[in-house]
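Start from the sequences, fold in the hints, and give me the full structure.
Protein chains in written order, with the working numbering: chain A, 1 to 339; chain B, 340 to 678.
Please note that the accuracy of each hint is not assured.
[Stated by the list, open to error] Straight-line Cα separation of at most 16 Å, EDC-like style, residue types lysine to aspartate or glutamate; simulated pairs:
no.	chain 1	residue 1	chain 2	residue 2
1	A	K62	B	D611
2	A	K85	A	D124
3	B	K401	A	D269
4	B	K401	B	E592
5	A	K128	A	D216
6	B	K467	B	D559
7	B	K467	B	D555
8	A	K128	A	D220
9	A	K62	B	D608
10	B	K424	B	D463
11	B	K401	A	D272
12	B	K424	B	E623
Hints are computed from structural coordinates only; laboratory data are not their basis.
Number of protein chains: 2
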Amino acid sequence: MKHLILPLAAALLAAPLSAAEPAPAKAPIPSEIVAAAPQGDWVAIAAADLLVMELAPDARGKPRRVVIQLMPAPFSQGWVGNLRKLAAAHWWDGLSVYRVQDNYVAQWGDADGEVAGKGRKLPDGLAKVPESEYVAPYADLTNPIYVPIPGETTPPATSFARPRGPFVKVRHLSFHSGQDSYESFVGHALPGWPVAYNGATVWPIHCYGMVGVARDLSPDTGTGAELYAVIGHAPRQLDRNIALVGRVIEGIEHLSSLPRGPGNGVYADPGDRTPIRSVRPGNEVAGLPAYEYLSTESGSFARYAEARANRRDPFFIMPAGGADICNIPVPVRRSAGSR
Amino acid sequence: MKHLILPLAAALLAAPLSAAEPAPAKAPIPSEIVAAAPQGDWVAIAAADLLVMELAPDARGKPRRVVIQLMPAPFSQGWVGNLRKLAAAHWWDGLSVYRVQDNYVAQWGDADGEVAGKGRKLPDGLAKVPESEYVAPYADLTNPIYVPIPGETTPPATSFARPRGPFVKVRHLSFHSGQDSYESFVGHALPGWPVAYNGATVWPIHCYGMVGVARDLSPDTGTGAELYAVIGHAPRQLDRNIALVGRVIEGIEHLSSLPRGPGNGVYADPGDRTPIRSVRPGNEVAGLPAYEYLSTESGSFARYAEARANRRDPFFIMPAGGADICNIPVPVRRSAGSR
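Dropping the structure here:
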């Protein structure tokens, strides 16, 4: 294992920066910035805004808990309301993860829903949400979006520098440096969720770990009974085509390490499905840890994002000078009393 | 499973486009374009340019084969030469996958290499490759790079259109529309590998499934004995910091679905490691299928890339109008006689 060091391991070492990259005066690395963030930069997540999914234990009997933070307003609230009703009704209990497609999604709900007479009845009162709710009017945002501003960071060590970050607060769309490879701009909102936006609308985006609502062909938008989590490279083509209703904040590995199904990932053999023991609103789960995320409006997050884009860990000899938004995950942790 | 339809499933349906997006005259979808590509658009991969890794069978006794295509010149050839020597010496036989970090990498080689006196001796004659080999001079490319040209595609259905694609052939760097979220431009080269480049150099990039050389701190560059495959969102911060030596073209799911280790993914319990039965050069493997990839210089690839960026599958109501390079994977398949 001599030659195994990759960034996270290297971050634990106290070694000085290599000779190839002159050290900025003790520039902190992303994990250090997060660890040093003052408590005031962290935002508590209400237990009522969590869903806790208990999968059947693994082959060794180890529990598999997946904790999902629900999407806040102004996004997807029709579907989120349905998720709350489904969890309150214990609707998912005894169903399964029935689809795992490599580098794409793990999906759960009622695998027999397509078989006439076999599908589980949905609770009464679920909303039928229109496609227009895939986006929100930009004016509905009550919090600013962060975008990188050129010229406010140390130029990266490349001859082709287009400086990015630090991320700063803007309320308007006059800065176009946040444009990514898709036809939109990206930043954080609410504060704490990655979003994309254009001149008129804003929408959540499909980063790793995001949870969305599987649906049938348009104009169907799904109820929220069938859900998926992203377990691969961000499938941004799904943005504005499917409702995103949350993100996995703990336990994504229990979904991402499941055996892959053939083709589109739906298991051919029902015996391959992973049973869901229960899904509960967080406030119904005794002993659930408290969670918090690093506010994307904080100075700590600005420094963290800048450091993610310009890695100075001892391992790195060439900072990238930029990062795509799904490569700057919002830090989430258990609150101090819960660790 | 009524509401489960996600793109790949939907692509199988013959349903018309939804009313929300007026149908271009029977615009083909990515999978149809690839399926219809003439044989002349496919490039055979020589068996000698493959490494075949056989992991121990899974818990049900199913074989787990991972097929890796080695990186072609001008990239990383010092390390690739080492990989050929290590495979010829059967060096990896009996070693293991000893690190799996969620949304990052699966890593294999000699887990005991750090323990004094326990590491397996490396074959003689391995090259010590300098860091300068992480990139190649742009002038060394004998094939053109594709970058998207603005204004040559149907404008996407957004009020914020910056049209992209179709991808066309250019030999110079005067087109900057290929710039992505990192401090570089991206395209395909050689032909068939995603690369990034600036005015002077060009380098392979860390997309899903790419295989790289684990190393210690700079100036170490690794030998190639310890390798990793990307199993999460593209960790582009590693570009130009580590040698990329190939990509998994079949069997990535045998790595991506392995149990995750704690922290940086290194298993605390050696019993959690996945044994490697053997790693062989492809031309030493009896009965190995032949593989081929879709030339990125072909018209089929240009149409495929454009369709990936502007999805018209029946499932989609809003094409993204763009795609990042790691979301346009180069199609690879078994050759006709091998399927």
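Against the structure, the hints come out as follows:
Proposed proximity of A/K62 and B/D611 is supported: the alpha carbons are some 14 Å apart, at most 16 Å. Among the hinted pairs, A/K85 with A/D124 is consistent with the structure: their alpha-carbon atoms are about 9 Å apart, no more than 16 Å. Restraint check for B/K401 and A/D269: satisfied, since their Cα atoms lie roughly 15 Å apart, inside the 16 Å limit. For the proposed pair B/K401 and B/E592, the alpha carbon gap of about 13 Å is at most 16 Å, so the pair holds.
Distance hint between A/K128 and A/D216 is fulfilled; the C-alpha atoms sit about 13 Å from each other, no more than 16 Å. Of the pairs offered as hints, the one joining B/K467 and B/D559 holds, with about 9 Å between alpha carbons and a cut-off of 16 Å not exceeded. At most 16 Å may separate the alpha-carbon atoms for a hinted pair to count; B/K467 and B/D555 meet this at roughly 13 Å. Taking the CA atoms of A/K128 and A/D220, the gap is near 9 Å; set against the 16 Å cutoff, the hint holds.
At most 16 Å may separate the alpha-carbon atoms for a hinted pair to count; A/K62 and B/D608 meet this at roughly 15 Å. Taking the CA atoms of B/K424 and B/D463, the gap is near 9 Å; set against the 16 Å cutoff, the hint holds. Of the pairs offered as hints, the one joining B/K401 and A/D272 holds, with about 14 Å between alpha carbons and a cut-off of 16 Å not exceeded. Under the criterion of a C-alpha separation no larger than 16 Å, the hint pairing B/K424 with B/E623 is consistent with the structure, at around 13 Å.
Every hint, counting from the list given before, is met by this structure.
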